[in-house]
Amino acid sequence: MTYTILGRCAKTGRVGIGIATFSITVGRYAHCARSNAGVTISQAFANENNNAIALRLLDQGFSAQAVLEHLKANDAYYTYRQIGVIDRTGAAAAYTGPGVRGWAGEVAGDNYIATGNGLVGQHVVAAIARGFLAEPDTDLEHRLLMGIEYGRDAGGQGTAGDHKPERSSALLVYSRHVHPDIDLRVDLHATAVEELRRIYVEYKQYEAYYRYRGEHPRGALSQEAFMKTIAAVA
Amino acid sequence: MTYSIIGRCARTGRLGLGITTFSLAVGGRCEGVAANIGVCKTQAFPNRTNDPLGIKLLAQGYLPARVMEMFAANDTEHGYRQVAIMNRDGKIAAHTGPGCRGWAGHKDDADCVAFGNGLLGPQVLDGMIEGFLARPDDALEYRLMRAIEGGRDAGGQGSADAHRPERSAAIKVVDRRDFPDVDVRVDVHPAAVAELRRVLEEFKLYEEFYRGRDTDPGKAIPQDVFAAQLKAKRASRTS
Numbered sequence: 000m001t002y003t004i005l006g007r008c009a010k011t012g013r014v015g016i017g018i019a020t021f022s023i024t025v026g027r028y029a030h031c032a033r034s035n036a037g038v039t040i041s042q043a044f045a046n047e048n049n050n051a052i053a054l055r056l057l058d059q060g061f062s063a064q065a066v067l068e069h070l071k072a073n074d075a076y077y078t079y080r081q082i083g084v085i086d087r088t089g090a091a092a093a094y095t096g097p098g099v100r101g102w103a104g105e106v107a108g109d110n111y112i113a114t115g116n117g118l119v120g121q122h123v124v125a126a127i128a129r130g131f132l133a134e135p136d137t138d139l140e141h142r143l144l145m146g147i148e149y150g151r152d153a154g155g156q157g158t159a160g161d162h163k164p165e166r167s168s169a170l171l172v173y174s175r176h177v178h179p180d181i182d183l184r185v186d187l188h189a190t191a192v193e194e195l196r197r198i199y200v201e202y203k204q205y206e207a208y209y210r211y212r213g214e215h216p217r218g219a220l221s222q223e224a225f226m227k228t229i230a231a232v233a
Numbered sequence: 000m001t002y003s004i005i006g007r008c009a010r011t012g013r014l015g016l017g018i019t020t021f022s023l024a025v026g027g028r029c030e031g032v033a034a035n036i037g038v039c040k041t042q043a044f045p046n047r048t049n050d051p052l053g054i055k056l057l058a059q060g061y062l063p064a065r066v067m068e069m070f071a072a073n074d075t076e077h078g079y080r081q082v083a084i085m086n087r088d089g090k091i092a093a094h095t096g097p098g099c100r101g102w103a104g105h106k107d108d109a110d111c112v113a114f115g116n117g118l119l120g121p122q123v124l125d126g127m128i129e130g131f132l133a134r135p136d137d138a139l140e141y142r143l144m145r146a147i148e149g150g151r152d153a154g155g156q157g158s159a160d161a162h163r164p165e166r167s168a169a170i171k172v173v174d175r176r177d178f179p180d181v182d183v184r185v186d187v188h189p190a191a192v193a194e195l196r197r198v199l200e201e202f203k204l205y206e207e208f209y210r211g212r213d214t215d216p217g218k219a220i221p222q223d224v225f226a227a228q229l230k231a232k233r234a235s236r237t238s
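As given, the protein sequences belong to chains A and B, one line each in that order. All residue numbers for the first sequence refer to numbering that gives the first Met the number 0, where the first residue is 0 and numbers rise by one. All residue numbers for the second sequence refer to numbering that gives the first Met the number 0, where the first residue is 0 and numbers rise by one.
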């Protein structure tokens, strides 16, 4: 049980993922994006080796579809996996094996894949895609989070009579650096999508300050002094 | 304001980092933990390019002390950074620039370096080392967790009249594979160290189930069944 949006910003080339699931600490399984290479995820019965292999292949220039074929050829349990790959051109390739449980599938287009399993129905991934596409000119992290929230609002995981809560979630975006632009997580929470939104809103206030402080230590405001400036604005 | 420990398990060669701080989402700024290579962490006023660069240099075989010299040569603001580096053999280098604010320093012992800034004093590092060394046969993630708790219990961040809360925390441990063995985080919380302990304990209950499910999917039980079994086990323990 998981639902995920993989996305790429066509304007900037930034790539990222938003993910929410019943499993705990999902961020541990989502080291899956690389600057100037692409983004991928292996979920359902996830082959933990896949993300690192896929990123190396993307880095070498293989297309999303070629990466998927490599993963297939390398895995005895391929039919239990659910995989998405977006390469640096925005081409998307996705697969949902017949061994994946519950309602499972994806909606994919240029620059995005909405994918999930153990869901209430197809309308969840359709809603995720709608959320991602709703405000195409905004920051990728905002679009990814919208995708996840639309998926939650469409019913998320479980069956009609038995909703399964989101217990962990993650939001990850890479731009041009080796390190991520955005890397936020909720590892264990009763409503992990709401909690991810809370963390996102908090973190966004500090994002520029943290960057500036690292790049310009001389005379940087202390964090307490910076927080007073936030309080003054609010 | 941050206190961290990098450590190595001498038995297994596993490497890891434990960290907590006043800043938010610190686990999202810990790229320098690499299986079979080493650990590199830059904090205080961090240079974000240091840690990935450090891992590349360690992978090429440079010693931590040499990596630190290259950092110094590559960064006009090296005097504002606090850096600790450990390679796969447990060799270490540490640096606390004079520009770091508050009480700041580092201390090493067997297979570990504790380092922090904006702290109550050196007793915080002592508490961390004590925590790390307390049970050397435990899995590395528990030793790192105990080190962070030792630092917190020794007073943590701030000054005698103004304690600063830990608002985020993380533990990352790598073994031999491309992805971390343990990767637990708390991003925004008023008592992030206690919350990290809660997340770690819960993760450890699921760890084997998740691994088995992914390597042999045909035999896997559904997660809600597994979760119900856990709940029953807990109930029978407490009754």
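Hints listed in this document are in silico derivations from the structure and should not be mistaken for laboratory results. Small disclaimer: the values here were computed from a predicted structure and weren't measured. Note that CB positions come from ideal geometry on N, CA and C, so glycine has one too. Any given hint could be a false lead.
[Stated by the list, open to error] Here chain B is said to cover these stretches of chain A; the calculated rule only asks that three of the stretch's residues, wherever they fall, bring their Cβ under 8 Å from a Cβ of chain B:
id, region
1, 23-34
2, 47-54
3, 133-140
4, 168-182
5, 185-195
6, 216-229
[To be verified] A few chain A residues that face chain B, going by a derived Cβ cut-off under 8 Å, partial list only:
id, residue
7, Phe44
8, Tyr76
9, Tyr94
10, Gly98
11, Arg100
12, Gly213
So, going through the hints one by one against the coordinates:
1. With 6 residues having a Cβ less than 8 Å from any Cβ of chain B, the region 23-34 of chain A passes the three-residue criterion, so the hint holds.
2. Closer than 8 Å: that is the beta-carbon criterion, and the region 47-54 of chain A has 5 residues meeting it against chain B, so the requirement of 3 holds.
3. Only residues whose C-beta sits within less than 8 Å of a C-beta in chain B count toward coverage, and the region 133-140 of chain A has 0 of them, not enough to reach three; the restraint is violated.
4. By the rule of at least three residues with a Cβ nearer than 8 Å to a Cβ of chain B, the coverage given for the region 168-182 of chain A holds, with 6 such residues.
5. Residues of the region 185-195 of chain A lying with their CB closer than 8 Å to a CB of chain B number 3, which satisfies the three-residue condition for coverage.
6. For the region 216-229 of chain A, the proposed coverage by chain B is satisfied: 5 residues have a C-beta within less than 8 Å of a C-beta in that chain, meeting the threshold of three.
7. Here the hint on A/Phe44 is kept, as its CB sits about 4 Å from the closest CB of chain B, short of 8 Å.
8. A hinted interface residue such as A/Tyr76 counts as satisfied when its beta carbon comes closer than 8 Å to some beta carbon of chain B; here the least separation is about 5 Å, so the hint holds.
9. For A/Tyr94, the interface hint is violated, since its Cβ never comes within 8 Å of a Cβ in chain B; the closest pair sits about 15 Å apart.
10. A distance limit of 8 Å between C-beta atoms decides the matter here; for A/Gly98 the minimum to chain B is near 6 Å, and the interface restraint holds.
11. A cut of 8 Å between beta carbons decides the hint on A/Arg100: the least distance to chain B is about 7 Å, and the hint holds.
12. Annotation: A/Gly213 was flagged as interfacial toward chain B, and the flag holds, the nearest CB pair being 5 Å apart, inside 8 Å.
Consistency note: the structure conflicts with the earlier hints numbered 3, 9.
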